[in-house]
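The primary structure of each chain is shown beneath.
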Amino acid sequence: MYQYDEYDEVLVRERVSEFRDQVARRLSGDLSEEEFLPLRLQNGLYNQKHAYMLRVAIPYGVLSSAQLRMLAHIARRYDRGYGHFTTRQNIQYNWIKLEEAPDILQELATVQMHAIQTSGNCVRNITTEQFAGVAADEILDPRPLAEILRQWSTLNPEFAFLPRKFKIALSASKEDRAAVRMHDVGVYMHLNAAGQKVLRVFAGGGLGRTPILSSQIRDDLPWQHLLSYVEAILRVYNRYGRRDNKYKARIKILVKALGVDAFAAEVEQEWLHLKDGPSTLTEDEYERVAHFFRQERYEQVDAHDPTFERQLADNKRFAQWVKRNVREHKVPGYASVTLSTKPGAGVPPGDVTAEQMEHIAAWADEFGLGEIRIAHEQNVILPDVRLRDLHALWYRAVAQNLATPNLGLLTDIIACPGGDYCSLANARSLPIAESIARRFDDLDFLCDLGELSLNISGCINACGHHHMGNIGVLGVDKDGEEWYQVTIGGAQGNESALGKVIGPSFRAEEMPGVIERLVETYCQVRVEGEAFIDTLARVGAEPFKANVYHHAV
Amino acid sequence: MPKIIRINAGVPQVMDDDWELVRAAELASACEPHRKIVPLSYFRSMLEEHRPSNIQAVWISPDDDFESLVPELRSMKVIAVDFPTFRDGRGYSVATLLRSRYQWDGELRAIGDVLRDQLNYMRRCGFDSFAVRADKDIDDAIKSFNHYSVKYQGAVDDPLPLFRRRGGL
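Sequence lines, in order, name chains A and B. The first sequence: position 435 = 435 (the UniProt record's numbering), numbered continuously. The second sequence: position 153 = 153 (the UniProt record's numbering), numbered continuously.
Calculated directly from the structure, the hints in this document are not laboratory data. As the structure is a computational prediction, the values presented were derived from the model and not from experiment. Certain hints may be false.
Dumping the calculated EDC-like pairs for lysine to aspartate or glutamate here, alpha-carbon to alpha-carbon at most 20 Å [unchecked claim]: (1) LYS275/A / ASP158/B; (2) LYS3/B / GLU26/B; (3) LYS136/B / GLU34/A; (4) LYS246/A / ASP88/B.
Which residues of chain B face chain A? A few of them, derived with a C-beta cut under 7 Å, are [said to hold, decoys possible]: (5) ARG74; (6) SER75; (7) TYR121; (8) PHE145; (9) ASN146; (10) VAL150.
What the simulated footprint calls covered on chain A by chain B, stretch by stretch (three residues with Cβ under 8 Å from a Cβ of chain B suffice, anywhere in the stretch; the number is not a length) [stated by the list, open to error]: (11) 34-45; (12) 276-289; (13) 349-356; (14) 495-506.
C-beta atoms are modelled at their ideal positions from N, C-alpha and C, and glycine is treated no differently.
So here's chain A without its partners, still in its complex pose:
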């Protein structure tokens, strides 16, 4: 993975010292809360319901085992012994003291980590997919350009006070696993007919109260122009994005207001001034950064391991886990393992204890190449595990409650922290996730249902990406009471779609029943081998609605 050099080290240290000074000025009263707010947000610090929350950056979701051990240490020393992995591939701590935040950042800096721009109206953590660099269907490795973009966006002086937050995702595989089109800017990297690395650029996506999938604004952009092109987009947005209404300030509203062609033309016009300027990327820089991501420690092993194959045949539970949570790797004899953070009722999706983190770090060293990934689905991935070690890893993961074979299934729920923690939330998310997990605790039944994504958000800000779930749940407030609105038909990936509301919202206690009715309808009308989303596309929403509302109280 990327290793800091002296420049990166110094910058992060300088950032810590600046923030220490800002916190001191806040505590002394030199800075008002209003003035402090954007400063602390740009250092990842929120003031939440019960305490401060710190969101630590995990650039493009990649961690070393040493970094994960540090995250465990932070959880123990400064929080209540756990952290929460988010849909932006970051980690959040919920019980932070303001006075201690600079110390935490200082400790993080010792392992080349920070919380820069994990919040605030600036360019946020750059994301890509969890299998970057190891996916068998990968055309290019998106991580070098993601790191280059991370550096460019870090403390970029022109874009630190944008109209709203700004999220960029990259994907470079046949299948989009990075939810690219729900980002403000999304980039698909691929090779053109001449074999050159080119970028297909999308803009104007985002969820929240006006969910929109982004539109293509440029094709075949040579990769060397990534920074100048993104700069052109951001300058147009910074100058012309709405600032009068927080809810209309995202770039998607500007793209929609101008029309995608007119917006693209504005960007092109701006870019002509920047094209071929000093920010044009060089082969040298690409190679320098790419060098850190090239994994040279793979062993030469056979694609088939007889011991592993015997273990598969002998142990049904192990085989079930391998089938669901273990993924093909581009290097023969290796696989990528997803450790599910959703073992069922009792554990909020994405929550991982300090002890579990330490175990995962140890497994990454023992069975892998010391690297860990975080998925936007809030699971933890060991990207490089030898086939012969899978059984030993599974055995230990079972003991740590991290081996639930439910990847991509109904209980692999994506959920935001909701009203239990978040001061923006209108309703709680975690108890809904819990009640659904409790109702659907039969793994054989879940496996039979197959791929079915369920996303829960506690408010319209949509941190749980409910619009992108095959089934989406949105917490709403009605006269001080918590209600839940249900959407169906959302999807991520190459066929991204936004879910549609099925009708009036429900009370919390109705939710497991509602999900049950949706699942029941699917089971009744599906044809052999058809996924939920495909059945829905074939028969339409009516049978689902009819069944849900027929049973509704």
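Fit chain B to the given chain A structure using the hints.
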């Protein structure tokens, strides 16, 4: 006399402000423009009405279309850019354009809700004078210029991104 911070030969210094900021166009019309920074809208109306003026300095609001007046702005001694609130970042792009695209090389001043923690960003976008908000301690604010020695990306202060220098180490 009010104070400003001005970058002199690369060094930020607190000094007396010998310009007076005139916020409203009505007030600008009532005074002799010498050593006054007047609204761009006032300057524009003078030009449109072909009235002679000795305007030497204007301030630009982020809503102003300053680009249509760039040739006329070249005769100014000072161009100021207003930050209606410190959360409004349009002024950073305005400054960047004035310096990099329109080659403004005179004094470029940040006015309005100008706070200590923005000064470094402003400097990097090409501002070289800063009217720190009056209720803030300007001698305290000036300390903020020294926090960073590393800049990843090119900006007005140094168009070369770090990656073009990194290899040389």
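Each hint, compared with the structure:
no. : hint                : in the structure
1   : LYS275/A / ASP158/B : holds (17 Å)
2   : LYS3/B / GLU26/B    : violated (25 Å)
3   : LYS136/B / GLU34/A  : holds (14 Å)
4   : LYS246/A / ASP88/B  : holds (12 Å)
5   : ARG74               : violated (19 Å)
6   : SER75               : violated (24 Å)
7   : TYR121              : holds (4 Å)
8   : PHE145              : violated (11 Å)
9   : ASN146              : violated (9 Å)
10  : VAL150              : holds (4 Å)
11  : 34-45               : holds (count 3)
12  : 276-289             : holds (count 8)
13  : 349-356             : violated (count 0)
14  : 495-506             : violated (count 0)
In terms of the numbered hints stated before, the structure departs from hints 2, 5, 6, 8, 9, 13 and 14, listed from lowest to highest.
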